[in-house]
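J.: Chains as they are written, first to last, in the working numbering: chain A, 154 to 351; chain B, 100 to 352.
For the record, the hints were derived by calculation from the structure and aren't laboratory data. A few of these clues could be false.
Unchecked claim - Which residues of chain A face chain B? A few of them, derived with a C-beta cut under 8 Å, are: (1) Pro265; (2) Gly268; (3) Gly270; (4) Ile292; (5) Asn298; (6) Leu299; (7) Glu302; (8) Tyr307; (9) Arg310; (10) Ala323; (11) Gly325; (12) Glu337; (13) Val338.
As the list claims (entries may be wrong) - Computed Cβ-Cβ distance ranges for the label pairs, DEER-style: (14) A:Lys175 - B:Gly138: 18 to 28 Å; (15) B:Thr195 - A:Pro170: 27 to 37 Å; (16) B:His161 - A:Lys241: 30 to 40 Å.
Please read these numbers as outputs of a predicted model, since none were measured by experiment. Even glycine gets a Cβ: it sits at the ideal position worked out from N, Cα and C.
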Amino acid sequence: MYEGAVQDLIDELGRLPGVGPKSAQRIAFHLLAAESVDVERLASTLVRVKNEVRFCTICGNVAEADQCRICTDTRRDPSVICVVEEPKDVVAVERTREFRGRYHVLGGAISPIDGVGPDDLRIRELLTRLRDGVVTELILATDPNLEGEATATYLARMINPMGLTVTRLASGLPVGGDLEYADEVTLGRAFSGRRRVD
Amino acid sequence: MPLYRDEAVVLRVHKLGEADRIVTLLTRRHGRVRAVGKGVRRTTSRFGARLEPGSHIDVQLHTRLAEGQQGPGGQRGLDLVTQTESLGAYGAQLATDYTRWTAVSAICETAERLTEEGEPALRLFLLLVGALRALVEGTHPSGLVLDAFLIRAMSNAGWEPALTECAKCSAPGPHTAFNVAAGGAVCENCRPTGSARPQRDSVDLMAALLHGDWARADGSDDTSRREASGLVAAHLQWHLERGLRSLPFVDRV
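Chain A extracted, bound-state conformation (with noise of 0.2 Å):
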């Protein structure tokens, strides 16, 4: 036990997840041992990330304005939307730069277990968007896990009678592995989406 500020100090940083007290200990005495500037400049930003980031009204995505840059942006594709669980799933889309359309962030997926169900997510912010008519396709990109995949299953059974597109993003090997190591799921769901060679 430490007296005081340092003590305290500790105990903070252990409350965030992944950080134990050993963890929290040294990054206690890591920051005690650093330049005063570069921990006042780590305290404002955290200071910053919680008076200035919100949730995007239109996305869920985090934002630093009522709307983030991605749905403020006019040149992404507003017909097309992408549905993930989280916004941290947004920037790996982005990173693919495959995507030029626009996300809708969910706050999670489907678990009965834990006592999340539908009303728990931004389903209803997601039917409102797709109202307007303007969306003609939906790409369902949840986290590859039975939460992800029931949360996919029970979005399509609720928007393909609106009459939309809906796709499930792809599932299979991954690049660079070799195929005696793939698990019998994931190899089963690569043969169900194989494609035709041209």
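Position chain B relative to chain A; hints supplied.
T.: Relative to chain A, chain B alone:
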């Protein structure tokens, strides 16, 4: 036994750290076990897909405890998943059908709640595998498979509802009143105030589900199914003393 191997069904998963996952397993010989799957959330993981809820797997685990030894506070602590082979990816097959997947969630949560860490529960394990197989085969409505699992799991736990005789005085039925706190159907003399008055068909359906009379269960009407599922859920949650989180989300369309 630093390394041991067992057959298991994955009941629940939690994210852990950057790319790991804590999995709760119901094993055939070691009861409920919690273990860490290292790096299974990475797309390069070789067994991440096998550690999804509802997966029936052959698993090798590493434990720090010797045979019969208990960790601090009587807890086993977390084992480590070292190898898995799939025996049936039931969860993955059912996730593409929302109605059946919500039933899987309720089944897995019930199995978790009815078992203790490290205490073998072979009958419940076999019941769980049977229920998952029945859902995948789709030969019976998912709601009926779920209710059959719940009522048989309660019977296995010693909480079988009385259906053909009075729960209090054992007078032979059929009886028209049902009281969860009393333990099932009750006669007119024993009936506590506030008892439900279900249809005769609903109680018959519960008996059919308990005894595996599928011809009768499949022939039941929607009203009986709805009423029977309500009674089964109420009976289970009264004994568990806490609601099941997944039950309100079960899609019984």
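J.: Go through the hint on A:Gly325 and say holds or violated, using the shortest Cβ distance to chain B against 8 Å.
T.: violated, 10 Å
J.: With chain B as the partner, please determine if A:Ala323 meets the hint condition of a C-beta pair closer than 8 Å.
T.: violated, 13 Å
J.: Cβ-Cβ distance between B:Thr195 and A:Pro170: within 27 to 37 Å?
T.: holds, 31 Å
J.: Given a cut of 8 Å on the nearest C-beta pair, is the interface hint for A:Tyr307 held or broken against chain B?
T.: At 5 Å from the nearest chain B Cβ, A:Tyr307 passes the 8 Å test, so the hint holds.
J.: Under the criterion of a CB-CB separation shorter than 8 Å, is A:Pro265 in contact with chain B as hinted?
T.: holds, 4 Å
J.: Have a go at the A:Gly268 hint: is there a Cβ in chain B nearer than 8 Å to its own Cβ?
T.: holds, 4 Å
J.: 30 to 40 Å was suggested as the range; check whether the CB atoms of B:His161 and A:Lys241 agree with it.
T.: For B:His161 and A:Lys241 the Cβ distance comes to about 31 Å; the hint holds.
J.: Holds or violated: is the Cβ of A:Leu299 closer than 8 Å to a Cβ in chain B?
T.: Holds, about 5 Å.
J.: Restraint: A:Val338 near chain B, CB-CB cut 8 Å. Satisfied or not?
T.: holds, 4 Å
J.: Does A:Glu302 pass the interface hint, meaning its C-beta sits closer than 8 Å to a C-beta of chain B?
T.: With a closest approach of 4 Å, the A:Glu302 hint holds.
J.: Can you let me know if the beta-carbon spacing of A:Lys175 and B:Gly138 is within 18 to 28 Å?
T.: Holds, since A:Lys175 and B:Gly138 (Cβ atoms, about 21 Å apart) stay within the stated range.
J.: Could you check if A:Arg310 really has its C-beta closer than 8 Å to a C-beta on chain B?
T.: With Cβ-Cβ at 6 Å, under 8 Å, it holds.
Of the hints listed earlier, those the structure fails to meet are numbers 4, 10, 11, in rising order.
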